[in-house]
Amino acid sequence: MSFITKGKIGTALALVVMCIGAWVMAFPYLFAIGSSVKSRSEFAKDRYSLIPPRYQPTKLWNVYVNGKSDPEHAEQLQKWYPTRNYVEAVVYGGIDRFLCNSFLYAVIITSVSLFFNTLAAYAFARMKFPGREVLFNTLLATMMIPSVVTLIPQFLVIQKIGLVDHWLGVVLPGFAGAFGIFLLRQFFLNIPMELENAARLDGCSRWGILWLIIVPLSKPALITLGLFTFMGAWNAFEWPLVVLSNENYYPLTVGLALFRDQNGQDWPRVLAAGVMGSAPLIALFYLAQKFLVGGISLSGMKT
Amino acid sequence: MKKRSRVDWGAYLYIAPAFLLTIVFSLFSMGVSFWTSLHNWDPFRGGGDFVGMDNYRRVLTGTDSVFWVALRNTTLYVVMVLVGMIGTALPLALLCRKAKYLQGLFRTLYFLPSITPGVVVSLIFYQLFGLWGQLLDKSTTALVAIAMMGIWSSMGYNMLLFLAGLNEIPIDFYEAARIDGANSLTEFWHITIPFLRNTLVFVIVMTIIGAYQVFTSVYVMTGGGPERSTQVLAFDIFMNAFSVSGQMGYASAAAWLLFLVISVFVFIQMRLMRSQRIYDE
Numbered sequence: 020m021s022f023i024t025k026g027k028i029g030t031a032l033a034l035v036v037m038c039i040g041a042w043v044m045a046f047p048y049l050f051a052i053g054s055s056v057k058s059r060s061e062f063a064k065d066r067y068s069l070i071p072p073r074y075q076p077t078k079l080w081n082v083y084v085n086g087k088s089d090p091e092h093a094e095q096l097q098k099w100y101p102t103r104n105y106v107e108a109v110v111y112g113g114i115d116r117f118l119c120n121s122f123l124y125a126v127i128i129t130s131v132s133l134f135f136n137t138l139a140a141y142a143f144a145r146m147k148f149p150g151r152e153v154l155f156n157t158l159l160a161t162m163m164i165p166s167v168v169t170l171i172p173q174f175l176v177i178q179k180i181g182l183v184d185h186w187l188g189v190v191l192p193g194f195a196g197a198f199g200i201f202l203l204r205q206f207f208l209n210i211p212m213e214l215e216n217a218a219r220l221d222g223c224s225r226w227g228i229l230w231l232i233i234v235p236l237s238k239p240a241l242i243t244l245g246l247f248t249f250m251g252a253w254n255a256f257e258w259p260l261v262v263l264s265n266e267n268y269y270p271l272t273v274g275l276a277l278f279r280d281q282n283g284q285d286w287p288r289v290l291a292a293g294v295m296g297s298a299p300l301i302a303l304f305y306l307a308q309k310f311l312v313g314g315i316s317l318s319g320m321k322t
Numbered sequence: 002m003k004k005r006s007r008v009d010w011g012a013y014l015y016i017a018p019a020f021l022l023t024i025v026f027s028l029f030s031m032g033v034s035f036w037t038s039l040h041n042w043d044p045f046r047g048g049g050d051f052v053g054m055d056n057y058r059r060v061l062t063g064t065d066s067v068f069w070v071a072l073r074n075t076t077l078y079v080v081m082v083l084v085g086m087i088g089t090a091l092p093l094a095l096l097c098r099k100a101k102y103l104q105g106l107f108r109t110l111y112f113l114p115s116i117t118p119g120v121v122v123s124l125i126f127y128q129l130f131g132l133w134g135q136l137l138d139k140s141t142t143a144l145v146a147i148a149m150m151g152i153w154s155s156m157g158y159n160m161l162l163f164l165a166g167l168n169e170i171p172i173d174f175y176e177a178a179r180i181d182g183a184n185s186l187t188e189f190w191h192i193t194i195p196f197l198r199n200t201l202v203f204v205i206v207m208t209i210i211g212a213y214q215v216f217t218s219v220y221v222m223t224g225g226g227p228e229r230s231t232q233v234l235a236f237d238i239f240m241n242a243f244s245v246s247g248q249m250g251y252a253s254a255a256a257w258l259l260f261l262v263i264s265v266f267v268f269i270q271m272r273l274m275r276s277q278r279i280y281d282e
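Residue numbers (the working numbering), protein chains in the order written: chain P, 20 to 322; chain E, 2 to 282.
Straight-line distance between alpha carbons at most 30 angstroms, and here's what the computed DSBU-like set of lysine-lysine pairs gives:
| id | chain 1 | residue 1 | chain 2 | residue 2 |
| --- | --- | --- | --- | --- |
| 1 | E | K99 | P | K27 |
| 2 | P | K309 | E | K101 |
| 3 | P | K147 | P | K238 |
| 4 | E | K101 | P | K27 |
| 5 | P | K64 | E | K139 |
| 6 | P | K309 | E | K99 |
| 7 | P | K98 | P | K64 |
These aren't lab readings, by the way, just hints derived from the structure by calculation.
With the hints as constraints, model all of the structure from the sequences given.
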């Protein structure tokens, strides 16, 4: 009996600590969302509250139940409709363009890299050719190279082929990666050979086998890899910052840093832009979570 | 079955796009970087004069070089993030298993920072650190504050990695230990930790490698200040390469030195992870 209660106390304690942790994780998001609907004067006076002063229950109670309307408060309510900072971030900051750029970069990088990586992974998994082991190990070795060393030369290479300040220069280095090839190859190796042999007897070509048998069977791996590639492309900051100088091509991350510099005094607007920049990815992961079979252990190798 | 052993020449076409791109932007790029580091880069000519190891000498001993300051700051940052991250992620993973309810909610919430752009996180924490006593304006607290944000962002992801590792431990081991009268502390040291070894090595080394390259938070929040207290290597390299004209060679030399530091940890990881044989014993 005492053992059971001990276990229960342990569970309760763990729950309490985890809830505190959850609050620590959620707080910055709540702060950002709350601040993003504050008016400029509210933010200047009261940064702490998570709910903007004009929407706080006591105030609203006074207005709608007690009927004590305060003209200044009424004006605030009318002038600062909840989405005003969001609208202004789009109108004055061009956040919609940055979002659109980010989306295009991420979609292009994800689809092209999935295509190239699938081709290479299939060849490494199923085809026989001289130098296969050497080439594959060379690829694996490239995973050990930290991005800080490749940043400058990547820029020089892109400069040499004339793609600085061009959208292609942003996406080109993301078109293939050893990690994706490695991951897909592991997955392809686990698909039974019998399926392929049967298809070949029926006269199916290599190309046909890859797209009609291997790819459909590898959907979980492809979706997981695609999602993490998309996330990496969406969150990329240093590379687009280096390669672009034309604001029209900025992705959201670089655009936000610029927007902050231009709107240094208007933090509610900056934070509204930030919320708009993070929401799509969070929504995407929420929608796709049921496809992420073992996603975290698959992606465990990537940081 | 003779057909299967035939050489597939078409394979080269399959691997060509991915292989060439990867090599150009990694191994080849490293070569370019090393070549650049041996030259006095002139951006207008797109080339430079060979100066040998002069750039390295300037990075290491030059009077205007911030390399050693940056290396000290970066190492401090790495140590703080590492200690804070292991000190939170592993206990949280253990607690998350123990708390039988709300696990889905916890996983989602703790994972959120991993899918939020670093720039957005930095902007939010810039404000929060301002609220909590101007942490970023003092040279004594700025780096600590940036490390706190680093821990906050990576803690949940690593917790999930530890959870995945914990789930692979066969439950029989704990049952057998309990029959032998082991308490939870001995269970932790003699079952959990050995089984988590690979995950631990992976998380620790990845954290070190990632933290040595910290850039976004410094760029957005402090710009290296106040008084160079948050001047980190990646930021120094970036500024020299892309904000100061004609310092490309110097920046490449600094990048190579940082690469050497990181390589030590990559090497350690390869040694430690290869030697694991826990399931075979």
